[in-house]
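Please put together the full structure from these sequences, using the hints given.
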Amino acid sequence: MAASLGVQVASAAETDYPDMEVGVFWNSDSDRSDTVYMSYNGADFQQISTAYKADGNGSAHVSGKPNYVNAIHDPSITYKDGTFWILGGYVQKQQNLGWRFTPMMGYSKDLVNWSYPNSGSPTNLAPSVMPYTNGLKDGQYDSAGTDGFVDSHGDMWIVTTLGYYGDFHGNAQHDYMYPYIVKVSGLQPGADPAVDPGAQPRLSYGSLNPIKLPDTKTSNWLDPSLFEKDGVYYLSIKKNGVTNQIYSIGDLSQAGNPKAWRLVNDNVVTGYEGPSLTYYNGQYFFYTDKLKDYPYGKADGTAGTFVTQSSSLASGWHSTRRITTTNVDGRSIPNRHGTVVTVTDPVAKRIVWNARIRAGYGEYKPGANGWVTESGKHYWYDNGVKAVSKEVYDPASDAWYWFDKDGSLAVNKDVYIPAGSKWVRYDKNGHMIKGEDYRYGAWYYFDQTTGAMTKGMKHVSSNGGKWVYYDWATGKMAHGEQYVNYDAQHTGWYLFDQHTGAMFHGDTYVRSNGGKWVRYDFSTGKMVKGLDRHDNSWYYFDKTTGAMQKGRVWVPEWNNWHWFDSTTGRG
Numbered sequence: 000m001a002a003s004l005g006v007q008v009a010s011a012a013e014t015d016y017p018d019m020e021v022g023v024f025w026n027s028d029s030d031r032s033d034t035v036y037m038s039y040n041g042a043d044f045q046q047i048s049t050a051y052k053a054d055g056n057g058s059a060h061v062s063g064k065p066n067y068v069n070a071i072h073d074p075s076i077t078y079k080d081g082t083f084w085i086l087g088g089y090v091q092k093q094q095n096l097g098w099r100f101t102p103m104m105g106y107s108k109d110l111v112n113w114s115y116p117n118s119g120s121p122t123n124l125a126p127s128v129m130p131y132t133n134g135l136k137d138g139q140y141d142s143a144g145t146d147g148f149v150d151s152h153g154d155m156w157i158v159t160t161l162g163y164y165g166d167f168h169g170n171a172q173h174d175y176m177y178p179y180i181v182k183v184s185g186l187q188p189g190a191d192p193a194v195d196p197g198a199q200p201r202l203s204y205g206s207l208n209p210i211k212l213p214d215t216k217t218s219n220w221l222d223p224s225l226f227e228k229d230g231v232y233y234l235s236i237k238k239n240g241v242t243n244q245i246y247s248i249g250d251l252s253q254a255g256n257p258k259a260w261r262l263v264n265d266n267v268v269t270g271y272e273g274p275s276l277t278y279y280n281g282q283y284f285f286y287t288d289k290l291k292d293y294p295y296g297k298a299d300g301t302a303g304t305f306v307t308q309s310s311s312l313a314s315g316w317h318s319t320r321r322i323t324t325t326n327v328d329g330r331s332i333p334n335r336h337g338t339v340v341t342v343t344d345p346v347a348k349r350i351v352w353n354a355r356i357r358a359g360y361g362e363y364k365p366g367a368n369g370w371v372t373e374s375g376k377h378y379w380y381d382n383g384v385k386a387v388s389k390e391v392y393d394p395a396s397d398a399w400y401w402f403d404k405d406g407s408l409a410v411n412k413d414v415y416i417p418a419g420s421k422w423v424r425y426d427k428n429g430h431m432i433k434g435e436d437y438r439y440g441a442w443y444y445f446d447q448t449t450g451a452m453t454k455g456m457k458h459v460s461s462n463g464g465k466w467v468y469y470d471w472a473t474g475k476m477a478h479g480e481q482y483v484n485y486d487a488q489h490t491g492w493y494l495f496d497q498h499t500g501a502m503f504h505g506d507t508y509v510r511s512n513g514g515k516w517v518r519y520d521f522s523t524g525k526m527v528k529g530l531d532r533h534d535n536s537w538y539y540f541d542k543t544t545g546a547m548q549k550g551r552v553w554v555p556e557w558n559n560w561h562w563f564d565s566t567t568g569r570g
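So in numbering that gives the first Met the number 0, spot 265 of the sequence shown is number 264, and the numbers just go up one at a time.
What the hints contain is simulated information worked out from the structure, not anything from laboratory work.
Treat the numbers as computed from the prediction; the structure is a model and nothing was measured.
Worth double-checking, as some hints may not be accurate.
[Unchecked claim] Pairs of lysine to aspartate or glutamate residues, derived as EDC-like cross-links and limited to a Cα-Cα distance of at most 16 Å, are as follows:
| no. | residue 1 | residue 2 |
| --- | --- | --- |
| 1 | K515 | D486 |
| 2 | K433 | E390 |
| 3 | K433 | D446 |
| 4 | K291 | D28 |
| 5 | K385 | D397 |
| 6 | K525 | D486 |
| 7 | K515 | E480 |
| 8 | K475 | D413 |
| 9 | K182 | D214 |
| 10 | K92 | D137 |
| 11 | K528 | E556 |
| 12 | K454 | D436 |
| 13 | K364 | D381 |
| 14 | K465 | D486 |
| 15 | K542 | E556 |
| 16 | K211 | D150 |
| 17 | K228 | D250 |
| 18 | K528 | D506 |
| 19 | K457 | D470 |
| 20 | K64 | D54 |
| 21 | K108 | D214 |
| 22 | K525 | E480 |
| 23 | K454 | D470 |
| 24 | K542 | D531 |
| 25 | K52 | D28 |
| 26 | K427 | D413 |
| 27 | K412 | D436 |
| 28 | K454 | E435 |
| 29 | K258 | D214 |
| 30 | K421 | D470 |
| 31 | K228 | D137 |
| 32 | K475 | D506 |
[What the hints assert, rightly or not] Pairwise CB distance ranges (calculated):
| no. | residue 1 | residue 2 | range |
| --- | --- | --- | --- |
| 33 | R321 | D531 | 38 to 48 Å |
| 34 | N266 | R201 | 55 to 65 Å |
| 35 | D506 | S407 | 51 to 61 Å |
| 36 | S420 | R349 | 33 to 43 Å |
| 37 | D506 | R321 | 40 to 50 Å |
| 38 | G455 | N428 | 22 to 32 Å |
| 39 | H489 | T217 | 49 to 59 Å |
| 40 | R330 | Y439 | 16 to 26 Å |
Ideal placement from N, C-alpha and C gives every residue a C-beta, glycine not left out.
Rendered as structure tokens:
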């Protein structure tokens, strides 16, 4: 599920594009679309195309295509001789042939026009060693976690796991899966997919053989992926449902020999699946999809792609964090596991860059760094790459800036930044605002570190220090009577000064409900309801309106009638 793509040599006339990462992920359980991204830092990915856009609602069918065309789902991506390939696989029962593993691959010469996924073989693949079936009828077996990889010799290798996948049979977390490998020779596209997307790839398959790792006790392997560096092949694979390991081998034709494999790392990260390994800018990057049900009993039920990095495969993995996947508008796109590869081949980089331009991110300008003025507008470049729908820090001005989808500087503008899940504001100079700010006829507050618009209760230092409330939806400072539905502790009625917004504490007369005396808790500021004791006296406040009660009052807390002073309300 990962490789470093650098085989061909560019002519002197070609633009020297920087190396980059290219990733493909499926979007979500409800949206099986396979989306293609590029990244320059290993964590933030920008959408450059959607290879296979699914209908949605869990359907894998590709919108607007013949009914046999489906998204890859759990895709891998690789490159060979001017063509990018996205690959997955499944098991099907073929007439007169029995159960067959079926690789599914689509190809593109521009990352925009893709062929319909196809195996290129009418018979598909019978394993040389029958997988474990756990008693399934007719010799049925399952596949999961298929990955395609082109090595430095130009050979494609496909790895998958075959056996009994419990979740397919209502027996979740009871898997008996083992890794397999097959070599693909003579790989070529069948036609230009922009002209004939239904043309099958041209190729020939070798034998589908078991990978025999030195660990002979484990019967639960999933999600294998391959990566090559300096002539050594690395297999990333999930063990026992939660632990992601790395093995190495010098010759993939020896994959069936357990003595040929070496365990490089027995636990890169736990609680994740779908590993994909690559090397970029002097660091190894390990991509995985967070398990929804881990840790057991304490899981938050969410998935999504994370990245962990290190300068060594054997140790030092750190900074496990969720990646961002956004489109040219800066809108966040959900992601599930797929593959990330490093692109170093000049032809491949040109294909990626042209797709990026078509997506609307702008041209590459070699040598451009920092502020650049074009036609009187200010832009920002990082090593020739224009900042688009991106937050940028400029150390010279010690300020953060935002650049819109056309690359122009945002000024006097509120912006939602998906990467930080925050609303921020930029002033007339484009500087991110921090602290209190008056605009649009209201006061707002922005975090002093992140610039995020504050919502909810906040203590601010102005007016000698005060508690205020910023509307949970708009961020505007509240004034006057305000119902706050903030959290269990703060839900209720409050009173905020009409001018300063300071939270009121104590007894006061308000005009609502025909006029009434109410009490706002001397500590929390929330309107008091029911029985309350203050200054060694009891008071009672209506449980609906909060109005102070006077005279003879039924007190449910005491299950009795009680007299409260007709003037002061003391009881």
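Status of each hint after checking the structure:
no., hint, in the structure
1, K515 with D486, "violated (26 Å)"
2, K433 with E390, "holds (15 Å)"
3, K433 with D446, "holds (6 Å)"
4, K291 with D28, "holds (12 Å)"
5, K385 with D397, "violated (20 Å)"
6, K525 with D486, "holds (12 Å)"
7, K515 with E480, "holds (13 Å)"
8, K475 with D413, "holds (13 Å)"
9, K182 with D214, "violated (23 Å)"
10, K92 with D137, "holds (9 Å)"
11, K528 with E556, "holds (12 Å)"
12, K454 with D436, "holds (14 Å)"
13, K364 with D381, "holds (9 Å)"
14, K465 with D486, "violated (20 Å)"
15, K542 with E556, "holds (12 Å)"
16, K211 with D150, "violated (20 Å)"
17, K228 with D250, "holds (13 Å)"
18, K528 with D506, "holds (13 Å)"
19, K457 with D470, "holds (11 Å)"
20, K64 with D54, "holds (10 Å)"
21, K108 with D214, "violated (40 Å)"
22, K525 with E480, "holds (11 Å)"
23, K454 with D470, "holds (6 Å)"
24, K542 with D531, "holds (11 Å)"
25, K52 with D28, "holds (13 Å)"
26, K427 with D413, "holds (12 Å)"
27, K412 with D436, "holds (13 Å)"
28, K454 with E435, "holds (12 Å)"
29, K258 with D214, "holds (10 Å)"
30, K421 with D470, "holds (15 Å)"
31, K228 with D137, "violated (42 Å)"
32, K475 with D506, "violated (26 Å)"
33, R321 with D531: 38 to 48 Å, "holds (46 Å)"
34, N266 with R201: 55 to 65 Å, "violated (41 Å)"
35, D506 with S407: 51 to 61 Å, "holds (54 Å)"
36, S420 with R349: 33 to 43 Å, "holds (35 Å)"
37, D506 with R321: 40 to 50 Å, "holds (49 Å)"
38, G455 with N428: 22 to 32 Å, "holds (29 Å)"
39, H489 with T217: 49 to 59 Å, "holds (50 Å)"
40, R330 with Y439: 16 to 26 Å, "holds (23 Å)"
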